[in-house]
Amino acid sequence: MRISFKTPTYQRFGNRLSYRLFRPLWEYHNRVPDPYGSWKRPAIASALARVNQGFYPDVLVSFGQPFISHLVGLELKRELSIPWLAHFSDPWVDNPFTIVNPFTRHLNYRLEQSVIDRADRVAFTSNETIEYVLRKYADIPRRKALVIPQSFEPLDDVGVKSVNPGPLIIRYLGSFYGPRSPKPLFAALQSITTSRPTFLNDVRFELIGVDAIGVAKHASDFNLPPGLVSSFGNVDHESSLRMMAESDGLLLIDAPSELSIFLPSKLIEYIGTGRPILGLTPPGTAASLIRQLGGLVADPRNMEEITLQVSSFIDLLRERRFKEITSQPWGSHEVRANYHAREIAARYDSVLADMLNP
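In the numbering used here, the protein residues as written are 320 to 677.
Calculated directly from the structure, the hints in this document are not laboratory data.
One or more of the hints may lead you astray.
To be verified - List time: in silico DSS-like cross-link candidates among lysine-lysine, alpha-carbon distance up to 30 Å:
id: 1; residue 1: Lys585; residue 2: Lys463
id: 2; residue 1: Lys585; residue 2: Lys642
id: 3; residue 1: Lys359; residue 2: Lys585
id: 4; residue 1: Lys455; residue 2: Lys396
id: 5; residue 1: Lys536; residue 2: Lys585
id: 6; residue 1: Lys359; residue 2: Lys463
id: 7; residue 1: Lys463; residue 2: Lys396
id: 8; residue 1: Lys396; residue 2: Lys359
id: 9; residue 1: Lys585; residue 2: Lys502
id: 10; residue 1: Lys455; residue 2: Lys359
id: 11; residue 1: Lys455; residue 2: Lys585
id: 12; residue 1: Lys502; residue 2: Lys536
Go ahead and model the full structure; you've got the sequences and the hints to work with.
Right, dumping it as structure tokens:
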């Protein structure tokens, strides 16, 4: 049987074959270390062009994610031989939300090892992350690692307003992916409406930046009262800050696990708004910080605890409304101050000064 190259049969077979052959290459390209590898060379060329024009930097700082920025930093370190600080906002190789095969994991491991080994200092967002990441590298001295968390800008800079009267508004801002899901919240709300039918009459939960259709489908599975939960798509950053600040309370939802070493940047922005926070988050970095602020925490694997803490959170918000203190910043002032942009900038200045004058 002779098959013409132009027949649909060949085209279908050829497309399937190409997909099977080139899909591994596509996955390799997008996961070693991430999908932004195409700007590595232009970034290096741009930096070196500035050097040739007479702009010679005193110190080099790279921020990941995206982790390709650390590979840019690695090349510039080799070219310029200046002090280098590599800042990790998330784990690289050990990130449980990154799906890789053994081959890509090994390649990322070698790249991460090179970055941590060659950088003069490496910064992480928490002590837990330092131990989690560096446990693989016994030969790398712990003294080069330090904690520099994310920061928030003062609210006045974005012109936010006080909470308006009406229903209590509790907002979650972020996305759901992998094992992170709103289902534990929905199950708790279902339990509350069953045992206390009128308790949630003046409460509204809004999920912002999510797959609105998918979330609405999940919510319908729990037979929740109409209007109790609403979901919306993405908004710009300034709008998200306003929505945080105009909420009565803010909700953090993390994936279930034994221990979470993540410090979400969204949590730091929550802190900046001065609104009460409820965290459905495992034991770990975020849970500890929320408790230090004075907020409430429930393990996403414990439905009884979630139901109790959601009810307690609503009681807290009602009390703030009753006392007319909703416009006052909530949470420990000392803890909040640690994450102010001014404080984090001063910490960076101190670290960079030490690197320049070892």
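Checked hints:
Between Lys585 and Lys463 the alpha-carbon distance is near 27 Å, which keeps this suggested pair within the 30 Å criterion. About 28 Å separates the Cα atoms of Lys585 and Lys642, which keeps this hinted pair within 30 Å; it holds. This hinted pair checks out: Lys359 and Lys585 have alpha carbons roughly 27 Å apart, not beyond 30 Å. Straight-line distance between C-alpha atoms of Lys455 and Lys396 comes to about 23 Å, which keeps the hinted pair within the 30 Å bound.
Of the pairs offered as hints, the one joining Lys536 and Lys585 holds, with about 25 Å between alpha carbons and a cut-off of 30 Å not exceeded. For the hint linking Lys359 to Lys463, the alpha-carbon distance of about 25 Å falls within 30 Å, and the restraint holds. With a C-alpha separation of about 16 Å, the suggested pair Lys463 and Lys396 falls inside the 30 Å cut-off, and the hint holds. A distance of roughly 14 Å separates the Cα atoms of Lys396 and Lys359; the hinted pair therefore holds under the 30 Å criterion.
In summary, the hint linking Lys585 to Lys502 is supported, as the alpha carbons are separated by about 20 Å, within the 30 Å threshold. Proximity of Lys455 to Lys359 is assessed by CA-CA distance (about 26 Å); at most 30 Å being required, the pair is judged to hold. Distance check on the hinted pair: Lys455 and Lys585 sit about 28 Å apart at the alpha-carbon level, within 30 Å; holds. Taken as a hint, the Lys502 and Lys536 pair is honoured in the structure, with Cα atoms around 11 Å apart against an allowance of 30 Å.
In this structure, every one of the numbered hints holds.
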